[in-house]
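Trainee: Sequence:
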Amino acid sequence: MNGQDTTMSLVHLFRQIRPAVNISNTRILKTGVTQKAVFGLSAIRHPYFAYQIHPVAVHWVHDSNMGSNGLSTDGVDRHPTKIFFFDIDNCLYPKSAKVHDRMADLIDKYFAEHLSLSWDEAVRLHKEYYQNYGLAIEGLVRHHQIDPLEYNSKVDDALPLEGIIKPNPQLRKMLEDIDRSKVKLWLFTNAYVNHARRVVRLLEIEDLFDGITYCDYAAQPLVCKPHEDAFANAMRDAGVENVDDCYFVDDNYQNCRKANEIGWHTAHLVEEGVKVPRTPASKHQIRSLEELRNVFPDVFKKP
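Residue numbers for the sequence shown follow UniProt numbering, beginning at 1 and rising by one.
Incorrect hints may appear among the rest.
Subject to a maximum C-alpha distance of 35 Å in a straight line, what follows is the list of computed DSBU-like cross-link-like pairs (lysine-lysine) [as the list claims (entries may be wrong)]:
| # | residue 1 | residue 2 |
| --- | --- | --- |
| 1 | 302 | 173 |
| 2 | 173 | 275 |
| 3 | 154 | 95 |
| 4 | 173 | 98 |
Simulated from the structure, these hints should not be mistaken for laboratory data.
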């Protein structure tokens, strides 16, 4: 059974025991070959699985390089105090891949079919919900009580990413050059976990990240960037308390503005060919992820 199959099996298990505990949000930890679901301070154990269950925010931790004592398998002492949060879509891969455009078409199609709208009205309502809530799905859940996981299967999971997203050696090298003795790498996305893991797997960088905070479509209310609670959740998930220890890169203006407001070291990614905002979202504005080396030199290995 692979990691994604294991995750989905856990979801089915948690739904069976939902009457006993609030399990809408989960944290999946992976250390070596041992996996467990951790949810908070007190635990109950299912009789058939050695899984602990508590109500906290969701993330997946892939930490196969770490030993139980904080040493990596290569003997390097790793007790990092800083966290570098990376957005995924249109950030770890370029806008020119047009994944967003394909996704927008699938969302418009979902609006039209499930709400019995004309195409123009579907496009208009999609835009309205995105502007009001940050995610179209939040408007759908609030006002139309749709099944968010069915939506995910028709939109995010239906994207033909395998033919679009390819490994990027330059991206991998940049991530590898971050000093892991000082910095943990953390994914922070408004996508659901299936899509997020799919993207980083196709980019062949999944092994470089310590965890992920994502938007749990099965939870109510939905909490996503740029809501301040989403940033608080990400800090809690990653185990960091001081905003001055948080670094962040995202292509979304509002997300970067909020991160900057709360005190994170923030870089707004504005790709070549994308219009530069009149008012910067944050102190740092970059045209490519490679520029992170210049704006945040303290998190990279010394030459």
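Trainee: Next step is simple, just say for each hint if it's right about the structure.
Mentor: Verification of the hints:
1. 302 / 173: holds, 14 Å
2. 173 / 275: holds, 28 Å
3. 154 / 95: Judged against 35 Å, a Cα distance of about 21 Å means the pair holds.
4. 173 / 98: It holds: about 24 Å lies between the C-alpha atoms, which stays within 35 Å.
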